[in-house]
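Heads up: the sequence shown begins at 1 in full-length UniProt numbering, then just goes up one per residue.
The hints are simulated quantities; they were obtained by calculation from the structure and are not laboratory data.
Given the structure is predicted, the values throughout are model-derived calculations rather than measurements.
Possibly wrong hints are sitting among the right ones.
[Stated by the list, open to error] Quick list of simulated restraints, FRET-style, between CB atoms:
| no. | residue 1 | residue 2 | range |
| --- | --- | --- | --- |
| 1 | 33 | 76 | 16 to 22 Å |
| 2 | 5 | 28 | 26 to 32 Å |
| 3 | 79 | 7 | 26 to 32 Å |
| 4 | 96 | 75 | 14 to 20 Å |
| 5 | 69 | 106 | 25 to 31 Å |
| 6 | 76 | 32 | 26 to 32 Å |
| 7 | 97 | 77 | 25 to 31 Å |
| 8 | 5 | 33 | 21 to 27 Å |
[What the hints assert, rightly or not] In silico EDC-like pairs for lysine to aspartate or glutamate, Cα to Cα no more than 20 Å straight-line:
| no. | residue 1 | residue 2 |
| --- | --- | --- |
| 9 | 65 | 23 |
| 10 | 65 | 34 |
| 11 | 29 | 76 |
For every residue, glycine included, the Cβ atom is placed at its ideal position computed from N, Cα and C.
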Amino acid sequence: MGQLIYGIAPAIEIDDRALRHAEAVIISKLRRNESFSFHWDDEPDVGEDAAIERPGRHGCIWVSKSSSLYFSYDSDSTEPLNRAWIDLLLRAALSPTGLRVLPEPAPGD
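With the hints as constraints, model all of the structure from the sequences given.
Shown next, in the form of structure tokens:
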């Protein structure tokens with residue numbers, strides 16, 4: 001399970017393969033100086049104190065060139081990226097609802 005760490009906020013846990021594709025999209029957009037929202041489900045708990053831990057269902061961050069992002073992976077993969085998935089995620093990032101990890105399309109879709 002990979003993690004996207006946004007500043008000092010809790011890590012957003014995302015499957016390694018999905019995170020590699022999201023990273024490609026995020027880097028591509030930031031290189032073009034484009035800001036966008038990134039949404040996820042199952043927001044991580046906050047802190048170690050039970051009083052502030054909370055189960056989440058959804059989270060959202062605003063990503064811009066001033067964002068401090070760090071991508072961390074559990075595995076080292078040389079598996080090629082799925083261009084169709086990257087294109088799907090790029091289109092999602094341009095939509096009013098923003099970037100979110102969508103299911104990987106089958107090859108040839």
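Residue 76 versus residue 32 beta-carbon gap, inside 26 to 32 Å or not:
holds, 28 Å
Pairwise beta carbon distance, residue 97 to residue 77, judged against the given window 25 to 31 Å
holds, 28 Å
Do the beta carbons of residue 5 and residue 33 sit within 21 to 27 Å of each other?
holds, 22 Å
Is residue 65 within 20 Å of residue 34, Cα to Cα?
holds, 8 Å
Taking the Cβ atom of residue 5 and the Cβ atom of residue 28, is their distance within the range 26 to 32 Å?
violated, 19 Å
Compare the distance between the alpha carbons of residue 29 and residue 76 with 20 Å, and conclude whether the hinted pair is satisfied.
violated, 24 Å
Please work out if residue 65 and residue 23 have their alpha carbons no farther apart than 20 Å.
holds, 14 Å
Taking the CB of residue 96 and the CB of residue 75, does the distance hold inside 14 to 20 Å?
The hinted range 14 to 20 Å is violated for residue 96 and residue 75, with Cβ atoms some 34 Å apart.
Within 25 to 31 Å or not, the Cβ separation of residue 69 and residue 106?
For residue 106 against residue 69, whose Cβ atoms are near 29 Å apart, the range 25 to 31 Å holds.
Taking 16 to 22 Å as the stated bounds, is the beta-carbon spacing between residue 33 and residue 76 within them?
violated, 30 Å
Mind checking the hinted window 26 to 32 Å against the Cβ distance between residue 79 and residue 7?
holds, 29 Å
Checked against the numbered hints given earlier, the structure breaks hints 1, 2, 4, 11 and satisfies all the rest.
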